[in-house]
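Take these sequences, add in the hints, and give me the full structure.
What follows is each chain in one-letter form.
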Amino acid sequence: VTSFAGNLLTVIVPSENRAAIASPKDLANRGMKVVAAGDSVPIAKYASQLVANLARMPGYPADFAARYAANVVSKEDNVAAVVSKIELGEGDAAIVYVTDARASTRVRTIDVPAEANVAATYGGVVVKASAHQSAAVQFLEWLAGTDGQAILATFGFTAPR
Amino acid sequence: MTAQAIPHRGRASLWPVGGLAALAAVLLAAPIVVLVGRAVLGGALADTAAASVVLGALWLSLLTTAVSLVLTVAIGLPLAIVLARRTFRGSALLETVIDLPIVLPPSVAGLALLLLLGRRGLLGEPLSALGIEVPFTTLAVILAQTFVSAPFFIRSARTGIAAVDHDLEDAARVDGASERRVFSAITLPLASAALAAGLVMSWARSLGEFGATIMFAGNIEGRTQTLPLVVYGEFQGGNLDASIAAAAILVLAAFGVLVAVRLLHWGRVLDVRGAG
Chain W
1 VTSFAGNLLT VIVPSENRAA IASPKDLANR GMKVVAAGDS VPIAKYASQL VANLARMPGY
61 PADFAARYAA NVVSKEDNVA AVVSKIELGE GDAAIVYVTD ARASTRVRTI DVPAEANVAA
121 TYGGVVVKAS AHQSAAVQFL EWLAGTDGQA ILATFGFTAP R
Chain V
1 MTAQAIPHRG RASLWPVGGL AALAAVLLAA PIVVLVGRAV LGGALADTAA ASVVLGALWL
61 SLLTTAVSLV LTVAIGLPLA IVLARRTFRG SALLETVIDL PIVLPPSVAG LALLLLLGRR
121 GLLGEPLSAL GIEVPFTTLA VILAQTFVSA PFFIRSARTG IAAVDHDLED AARVDGASER
181 RVFSAITLPL ASAALAAGLV MSWARSLGEF GATIMFAGNI EGRTQTLPLV VYGEFQGGNL
241 DASIAAAAIL VLAAFGVLVA VRLLHWGRVL DVRGAG
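Just so you know, the protein sequences line up as chains W and V, in that order. For the first sequence, our numbering begins at 1 and goes up steadily by one. For the second sequence, our numbering begins at 1 and goes up steadily by one.
Keep in mind the hints are simulated off the structure, nothing from the lab. Only a predicted model underlies this, so the values are computations on that prediction, with no experimental measurement involved. Where a beta carbon is used, it is the ideal one built from N, C-alpha and C, also for glycine. A hint or two may mislead.
Derived coverage of chain V by chain W (criterion: at least 3 residues anywhere in the stretch with Cβ under 8 Å from a Cβ of chain W; other residues may be distant) [claimed, not checked]:
hint	segment
1	107 to 119
2	219 to 225
3	231 to 237
Computed, partial: chain W to chain V, Cβ under 7 Å [said to hold, decoys possible]:
hint	residue
4	40
5	73
6	89
7	90
Written as structure tokens, this is what we have:
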């Protein structure tokens, strides 16, 4: 497996941010409408890890995770649908990848404490049965090399870790 | 007219029709039979039908479709009466617009509902100021179902009411019946078959509603997650058995209702013949 990129999580809110969310802590405020991804979508696992990390941070209530979960109004089947619901202003906030947040011009991001953030790593493999083994290896090398990394960085991907 | 009045065609000339008909029947029935068969024989139904996610969704589906059916009749019947009785400027255009949800993809319906009733929607924004927010609620599920299914009832009811013989209604009027009495004693009973057919179509469409629901109402267990959403969600989540079980329950529920309606209808037909 060649790890070629990483991604971090962030909190997005509609650009008007009518719910006046200033910190991830506010996701647990009573009556917030949080849009999440379905439990089977990979980000759901990262997001619940982030929420667990945040709950242990100073200044966060002990029942942060439970209050966050109680505020979830919908579990979308992919991250793009989550972003759309925030863009439309139907949800007050959502946890998404940094890259998804950056791809949208109609949402604002709320910074997540770096020590609580969760990193996703993307890896590539060469299919054994592939008729184009060497080309595939070359592509992965290019992707993990300087040129590939520069392109990925423009979309907000981090270096793999 | 008796059967002898219809000229018999030779068997030979009909065989391609019979063959194609059999093929069509198999094509339409086979996927459903395989699905239910796998759910029953594979144990998926027995193992996961009792799972809270499936049972909760079944209950929510029955509840929301019942409410949306009541809503459909409440708003659809008056509209059907007006459309059946009056021709006015733009009535043809109105009929066409009302029929639109029948042909539109449900995702379009969901998006349209969001833009109207969403928190930042044309109507949703003032409602939100009053503290009423429709998206992500059970009410949103009901509205999505009503929006996509009411046209089936309205269409059928309109045709049924328009087909009632005006002479019969006039005869009742001559006998001194009030307009209300004419409608309840003459028009409604005579149009009942069309009304019932419309109700069944409308309910079935609500039960299967997926796209508008997931876009407008979201997807939360116990609040907005109806059976079709479970079928999709569990499939996405890799729980094939739960998905199959939910799908089979959906099939059986729909089948049950269609059979019940047929039996009722059959019973009424027999009654009429007995009385005649």
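Cross-check of the supplied hints:
Using a Cβ-Cβ cut-off of 8 Å, 3 residues of the segment 107 to 119 of chain V lie near chain W, which meets the minimum of three, so the contact claim holds. Given as covered by chain W, the segment 219 to 225 of chain V passes the check, having 3 residues with a CB less than 8 Å from a CB of that chain where 3 are the minimum. Judged by the Cβ-Cβ criterion of 8 Å, the segment 231 to 237 of chain V is covered by chain W as claimed, because 4 of its residues qualify and three suffice. Because the beta carbon of residue 40 of chain W sits about 3 Å from the nearest beta carbon in chain V, less than 7 Å, this interface hint is met.
For residue 73 of chain W, the interface hint holds, the least distance from its beta-carbon to any beta-carbon of chain V being 4 Å, beneath 7 Å. For residue 89 of chain W, the interface hint holds, the least distance from its beta-carbon to any beta-carbon of chain V being 4 Å, beneath 7 Å. Look at residue 90 of chain W: its Cβ gets to within about 5 Å of chain V, closer than 7 Å, so that hint holds up.
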